[in-house]
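> Chain residues, written in single-letter form:
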Amino acid sequence: MAADERVKDRPGRRVRLGAARYFVQRLGFYLAAAWIAVTLNFLLPRLMPGDPASALIAQMQGRSALSGEQIASIYRLFGDPGEPLWSQYVTYLGQVAHLDFGLSVAFFPTPVWEVISAGLPWTIGLVGITAVLSFVIGTAGGIMAGGRAGSRTDSVATPGAMFLNALPTFWIALLFVLVFGFQLAWLPTGGAYDGDLTPGFSAAFIGSVISHAALPALTIALGWSATWFIGMRNMMITTVSEDYVLLARAKGLGRTRVMFRYAARNAILPSVAGFAINIGNVVGGQLLVEAVFAYPGVGYLLYQSVASVDYPLMQALFLMVSLSVLAANFLADSVYGLIDPRAREGRA
Amino acid sequence: MKWTRLGVTGAAALALAVTAAGCSATPAGPGGSGSDSLTVNMGFSGNTIPRNFNPFSLKASQGTFGFQYEPLFAFNTLQGGKFVPWLATKYAWSDGGKKITIDLDKRANWSDGTKLTAKDVVFALEYVTKQDLPVEWKFEYEKAKATDDHTVEITFDTPGYARLRSIGSIRPVPEKVWKGKNGKTFTNPEPVASGPYTLKRYAAQQLTFEARDDYWKQKVPVKTLKAPVVASSSEIGKLLSGEVEWSGGAVPDVKKSYVDKDPKNHHAWYPTYGGTYMFFNHKKAPFKDVHVRKGISLAVNRSELADVGNPGMFEPLNLTGLDAKTQGKWIDAKYQDAAQPKPELAAAGAEFAKAGYKKKDGKLVGKDGKQLSFKILEVTEFADAIQRDKVLAQQLKQAGIKVEVEPMASAQLDTARQEAKFDVLVGGAVFYNTPYNFYKDMLHSENGGIWTNYGHYKSAKADGILKEMERAGDDATIKKLSAKLEKLMIDEVPAAPLITNGASTQYNSKNWTGWPDEKNPYAIPAPWAGPTDMVQTILSLRPVKAG
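Protein chains in written order, with numbering that gives the first Met the number 0: chain E, 0 to 347; chain S, 0 to 546.
It should be emphasised that the hints constitute simulated quantities derived from the structure, not laboratory data.
On a predicted model such as this, the values are computed, not experimentally measured, just so you know.
Cβ atoms here follow ideal geometry from the backbone N, Cα and C, with glycine treated the same way.
Please note that the accuracy of each hint is not assured.
[Claimed, not checked] Heads up, incomplete: computed chain E residues facing chain S, CB under 10 Å, no partners named:
(1) 72
(2) 74
(3) 88
(4) 104
(5) 107
(6) 191
(7) 198
(8) 200
(9) 211
(10) 291
(11) 292
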């Protein structure tokens, strides 16, 4: 084959071809995983007890009474739970292919896609930015602390990070609501912006968005930075004592260069993988944080969809979580394949 | 060293920047509800408010009813079902209950300025029937017609007295807007309605309502009504700061945490609109045995239960199941005082003995030598209810019964309840204009497992009395028949009444006065209560003069 000849001619291609094969293999694996995720996503909610109609009836309990006839019409409205599973599965696959997730039950009759697209910008804005920032801050901090383990900064920062890491997020959230929201009354405690303002690119509105995001962002950032910090610091300590780092140091290279080009580059690998897995957290939102701050993101939507047995919304959200985790892992795998030849060769 | 310092400084700078931005952008601050606006926590479930103002939708946003769409008439549950005229001024039965004639208030109009007519009423009724919409007020009728602009006639093939509540709840919509719309999926983003408010601004975080200048019934005192999403974690803080002046959330130990902080302005009133009951599974031994049910009921300490969680807000419930204070006019003279606040262990023991149980080493043991034991199922998320059930379990332990509380997911519990796969459940039931609907919910065999006949109770006698009651058009007959059901509740204990159940409401009288209270219970004040209740409350407010 022509490709083989060219490989013979130019040995440099061999590496790239190996990489391509590696990517195709990984892609195949991730596609299979995506199909399993899609199918599980279909099955799991249906294995849960209950159905949307009876969940709704239970919700209305105590507020007003429903007769048998009215209950029957609620069942008619929210679909027949008696429809055979395979035909539901076929319908579902068709919907997934068209990205049409039907009407939400919890927000009936709003289409699922509309519900999600209202929540997604808030979550990506809040949790996404915070996740990236805390990764950068935590990892950078971890490199500093781990690179000079035992220094004064390390001995203060590390126990501090461990303490923060151990605090439950919702507890920090409640503490912030109490202190900054009520006692000091510095920052608003709920919502994404002041309801008296009309959304738009005005200074007042943008300021309001930032002030409303401040407490939830700080809550998330504290916990996550601490986690990244600890992981990175520990990896750094291991890496710094490796022979090649000692050699680099012995060669008299600059400290910064040794720390970043030699030690940190290798130590960061597990963190990259960890960050990829954490992408799921962004889409799922930080549920408790969103609940405490009444933040209108998708994390809380996920909770509501489960509570009201809203299959269409639940599935669309779970699907987004699982597919974005898979996509992020595929990316991380690819990056791995590029940075670390061992990953590629192990497969080839 | 250099890097470390930079990193720390960077993080601190970021935090500062965010905080500073926050400070400068924070609005004027809490507490400052001007003279013409009020902020209410309507208890939107979730963190976003859907833009759905379809009055036929089960998921309509709060404020769709009352503030916007209004019913024909209602009944004040706090006054035993007193008639509350609204869009209709009166009604009259004829033809032995087979026909009802409703007179509309001639002033009623829509927010676009046009008149609300009898045709709109008939249109709404037919719309719901034709489209099979799951509204809670749907009922069967033969024919509905507008005899003139202000008169509606509805006919039935059997006496329709029992449907009065549903008839009153008809919420007319303007025919010109709704004709040809699918009532199941139309979200009605720009509502045209008859209520005192129009939607001024929609945001997923807050609904802002503005009073209509041309509201047909009266002048509207509160010009701007803000209804933001309030997370339960910050509800009490917002109430205390005065940012929220009216709220319907249940605040734990509300007297101590809210009222006592400013007794002059902070008020909490949880008026009784229903009760809490222990439902026994009638399809299962030993609860089939009336003596077991009676014994358990006698062993309960209702005073203690009433004070779990929210001391001073609830009371032991009358054993007929009806609340003596608000439903007293329906309760037979014999049972006016039928309460049993404290446990009567000796009497309980006597009942258990009739069922073959004896007390042995502090345990109540049956003929088979086994201790009487059962499980109470409760919804996992209802932390307060689980707490209450645990207290109940402790109380029954005194009588030698072993009770476990088993929390489970609500969907799972629904299934268990529908399939009668449980021992005991604790749940609420609500009162209506007459005891008929209350007892029908709880005792009619066709409601087994679905509505509040959670225990699948089946009694030909109860069904018979209810059938008679359905055809009763006057209060005297209803009361006489109700007395028979009250006797049945006391003699057979199909479900054990525990404590009153209240419409949790907090309000602040610093800026607005005229709220309903125990002395003047003109409405259930919870902002999630029936449309006439919440609107009557808001229409009755008067500004407190400054100084």
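> Determine for every hint whether it applies to the structure shown.
Do the hints match the structure? See the list:
Interface restraint check: residue 72(E) against chain S, minimum CB-CB distance 4 Å, threshold 10 Å, status holds. Because the closest C-beta pair between residue 74(E) and chain S is about 9 Å apart, less than 10 Å, the hint holds. Hint status for residue 88(E) relative to chain S: violated, with the closest Cβ pair at about 21 Å, above 10 Å. Taking 10 Å as the C-beta contact cut-off toward chain S, the hint placing residue 104(E) at the interface holds, the least distance being around 8 Å.
Proximity of residue 107(E) to chain S holds as hinted, the smallest CB-CB distance being about 5 Å (cut-off 10 Å). With its C-beta approaching chain S no nearer than about 6 Å, residue 191(E) sits inside the 10 Å limit, and its interface hint holds. Interface hint status for residue 198(E): upheld, as the beta-carbon distance to the closest one in chain S is roughly 7 Å, under 10 Å. At its closest, the beta carbon of residue 200(E) sits 14 Å from a beta carbon of chain S; the interface hint therefore is violated under the 10 Å criterion.
Because the beta carbon of residue 211(E) sits about 8 Å from the nearest beta carbon in chain S, less than 10 Å, this interface hint is met. For residue 291(E), the suggested interface contact is upheld, since its CB lies about 5 Å from the closest CB of chain S, less than 10 Å. Annotation: interface hint on residue 292(E) holds; nearest CB of chain S at approximately 7 Å, less than 10 Å.
Consistency with the previously given hints fails for numbers 3 and 8, ordered from lowest to highest.
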